[in-house]
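K.L.:
Residues per chain are reported as follows:
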Amino acid sequence: DAGVIQSPRHEVTEMGQEVTLRCKPISGHNSLFWYRQTMMRGLELLIYFNNNVPIDDSGMPEDRFSAKMPNASFSTLKIQPSEPRDSAVYFCASNPGGGPGSPLHFGNGTRLTVT
Amino acid sequence: LAKTTQPISMDSYEGQEVNITCSHNNIATNDYITWYQQFPSQGPRFIIQGYKTKVTNEVASLFIPADRKSSTLSLPRVSLSDTAVYYCLVGYNTDKLIFGTGTRLQVFP
Chain W
7 DAGVIQSPRH
17 EVTEMGQEVT
27 LRCKPISGHN
37 SLFWYRQTMM
47 RGLELLIYFN
57 NNVPIDDSGM
67 PEDRFSAKMP
77 NASFSTLKIQ
87 PSEPRDSAVY
97 FCASNPGGGP
107 GSPLHFGNGT
117 RLTVT
Chain A
2 LAKTTQPISM
12 DSYEGQEVNI
22 TCSHNNIATN
32 DYITWYQQFP
42 SQGPRFIIQG
52 YKTKVTNEVA
62 SLFIPADRKS
72 STLSLPRVSL
82 SDTAVYYCLV
92 GYNTDKLIFG
102 TGTRLQVFP
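The listed protein sequences derive, respectively, from chains W and A. In this text, residue positions in the first sequence follow this note's numbering: the first is 7, and each later residue adds one. In this text, residue positions in the second sequence follow this note's numbering: the first is 2, and each later residue adds one.
The following block holds chain A by itself, in its conformation from the complex (with noise of 0.2 Å):
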């Protein structure tokens, strides 16, 4: 199973972009990469899906590069509503779906 790495912890300001670097070296074939966004008291909710090069929809971007080992989620212009905690999972839709320590992102005034 594909593990990942991410930064514990970022602080932005409002307005900013922000990007967030997940590793994944030893991603499979098979694997997608998703990012869901968890607030306090809440279920994680599914932000952005990707295989590889590049995916934006309303919310964020999605950057993977050919190799496929890292991915780079991208907030343009966060508000302080994107606070919250960021995961970065790799798998195939029917694995066992294992979710990292996540970034907790803290956006200031």
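So that you can see chain W by itself, here it is in the shape it has in the complex (with noise of 0.2 Å):
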């Protein structure tokens, strides 16, 4: 098993640009979820999907994030434009959903840097 990916490990982009984030999440998860770290306000949920479905997207700062899932392996989070503010990582984790107490496996981050 390979276990969460995600891509690219680092991005370093100029305010006002789009950045997209790529999950794949372990095959048979039926759970998605992507959450944001800084030193500042530490691990945050973005949004989450249930077989493919946004179920909650509270997380999400502003209209400039959106996020899809437009099949079971795959999961991108956009900022458009994106802000100095946005630089933190951005973890994706899946877990296999459908019943109680699944565990959360993580993917190992994207560290984002806007200039």
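The hints are simulated quantities; they were obtained by calculation from the structure and are not laboratory data. For every residue, glycine included, the Cβ atom is placed at its ideal position computed from N, Cα and C. There could be a bad hint or two in this list.
Cross-link-like lysine to aspartate or glutamate pairs, in silico, EDC-like; alpha carbons within 20 Å at most [unchecked claim]:
no.	chain 1	residue 1	chain 2	residue 2
1	A	4	W	50
2	A	4	A	32
3	A	4	W	17
4	A	55	A	68
5	W	84	W	20
6	A	53	A	32
Here are the computed distance ranges between Cβ atoms for each label pair [as the list claims (entries may be wrong)]:
no.	chain 1	residue 1	chain 2	residue 2	range
7	W	72	A	75	34 to 44 Å
8	W	22	A	67	54 to 64 Å
9	W	68	A	22	29 to 39 Å
10	A	105	W	20	49 to 59 Å
11	W	57	A	16	40 to 50 Å
12	A	66	W	16	40 to 50 Å
13	W	76	A	75	39 to 49 Å
14	W	78	A	14	38 to 48 Å
Combine the two chains into a complex, taking the hints into account.
P.N.:
What follows is the structure in structure tokens.
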């Protein structure tokens, strides 16, 4: 099992540019979560999907952020336009769903720097 | 959603047992208690999970009293490589799983 795969590992971009972060969850996992981590705010849940359907996006900071899950094996988090305050590590996680107590499996994250 | 409270940081020495307690006063009947470990530049990693009483695996033990309003992660004989941030989460797997501030454990030689 390859685990949750995120790409790119690092992204440096200029303010105003569009940024797309990618995630491949573990095969067979029904739930997918996007988190953002900063020193100031810790780990924040942005959005989560269940069976490819967005369930709760109340953590998405603003309209500049959008997330999609076109199929069970792929999700994207897009920031357009990016701003310096978006600089953070973005994590994707998945779990099997459908039953109690399934732990989250995290990817190694994408470190985003917006200059 | 159950809110969790943990100490911000703890220090220990190699070989000692470390106990980290998490408070979750408004835990719901269906909620599980899950602990994660995070090293720098990595995503959090599952350590242990329980619903009630005691759970033990090759890495840690988890103690949960009868009222389930708190839980204690016990790491036996810590080593330098156990230096990390430890998070306690409470919820059902389909919930929006919220991480608290975590406990930063520093192990000294």
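K.L.:
If you check each hint against the structure, which ones fail?
P.N.:
3, 10
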